[in-house]
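Asks: Sequence:
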Amino acid sequence: MTEGSQQHPRQVEALNDPPRSDEIERLVTALHDPTRRRILLALVRDCTPRTVDELSHLAGVHRTVAFTHLERLTDLGYLEKSRRRGRLGKPASLYSVRAGVLSMSYPPRQFVTLTSILANCIIGLGNQGSTVAKEAAMRFGEQLAVPGASSVAEALLPLRRFGADYGVDGDRILAGNCIFLEACAQAREMVCRVQAGILEGALRGAGISAAVEPQGPRPLHGCAYVLTHPKRAA
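The opening residue of the sequence shown carries number 1 in our numbering; numbering runs sequentially from there.
The reader is advised that the hints may include incorrect statements.
To be verified - Cut-off 25 Å, straight-line C-alpha distance, at most; resulting in silico cross-link-like pairs (DMTMM-like, lysine to aspartate or glutamate):
hint	residue 1	residue 2
1	81	23
2	81	33
3	90	54
4	81	22
5	81	46
6	81	25
7	90	71
8	81	54
9	81	169
10	81	53
11	90	75
12	81	71
13	90	80
14	90	33
Keep in mind the hints are simulated off the structure, nothing from the lab.
Let the sequences and hints guide you as you build the complete structure.
Replies: In structure tokens:
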């Protein structure tokens, strides 16, 4: 055999041998127990550090049970533990989720990397690229819409299928969960503009005429968007 033919079988064997995925084992361990799963998902949705007592009440279990699950999730790398200061008595432990905690694919897929590449391509096109991106996002949002919504909040309900959590406060749309969070870290301005386009398209498809512009991140979590309704003639 030549040197090349000797190497070939080993290369094929390596390709056929699936890579180890400790991440899958960790995720299965974290989500297998119903109580532990409930606690973890509650923290993911809430995005706010919580004490053992708060989480035991939320999960409907004894404090000791909640503490055991929280420590296990911390050991698995899904939670971060800190201390609450500034109160009398012993400082309470606070548990919060790590960023991107449940983001996983197998085999590995680099969606965030692809998003970063495409976003930078659009940014490189200047104003034209930004305009085209928002128009495409508006068409996407309009396709999801249910015509005849009686309010902005109702018009945004179809976006829940993507994990969106939108609230309305006057002329602002508040996103409790940024559905593009990891991508946003790569190209915030472009990603926020795309999400604004989806919101505007969903409103337009529901029969509500309003422009939507990103306002940026909120202090604790999520982000905000400003609604501008067209002025009516007097």
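Asks: The structure should be examined with respect to each hint, and the outcome stated for every one.
Replies: Going through the hints against the structure:
1. 81 - 23: Cα-Cα ~20 Å, so holds.
2. 81 - 33: Answer holds: residue 81 to residue 33 is near 21 Å, not above 25 Å.
3. 90 - 54: holds, 16 Å
4. 81 - 22: At roughly 22 Å apart (the allowed maximum being 25 Å), residue 22 and residue 81 satisfy the hint.
5. 81 - 46: Measuring from Cα to Cα gives roughly 16 Å; hence the hint holds.
6. 81 - 25: Given pair residue 81, residue 25 holds - Cα atoms ~22 Å apart, limit 25 Å.
7. 90 - 71: With a Cα-Cα distance of about 19 Å, the restraint between residue 90 and residue 71 holds, given a limit of 25 Å.
8. 81 - 54: holds, 15 Å
9. 81 - 169: With a Cα-Cα distance of about 32 Å, the restraint between residue 81 and residue 169 is violated, given a limit of 25 Å.
10. 81 - 53: Within the cut-off at roughly 14 Å; holds.
11. 90 - 75: holds, 23 Å
12. 81 - 71: holds, 9 Å
13. 90 - 80: holds, 19 Å
14. 90 - 33: The given pair, whose Cα atoms are some 30 Å apart, is violated under the 25 Å limit.
Of the hints listed earlier, those the structure fails to meet are numbers 9 and 14, in rising order.
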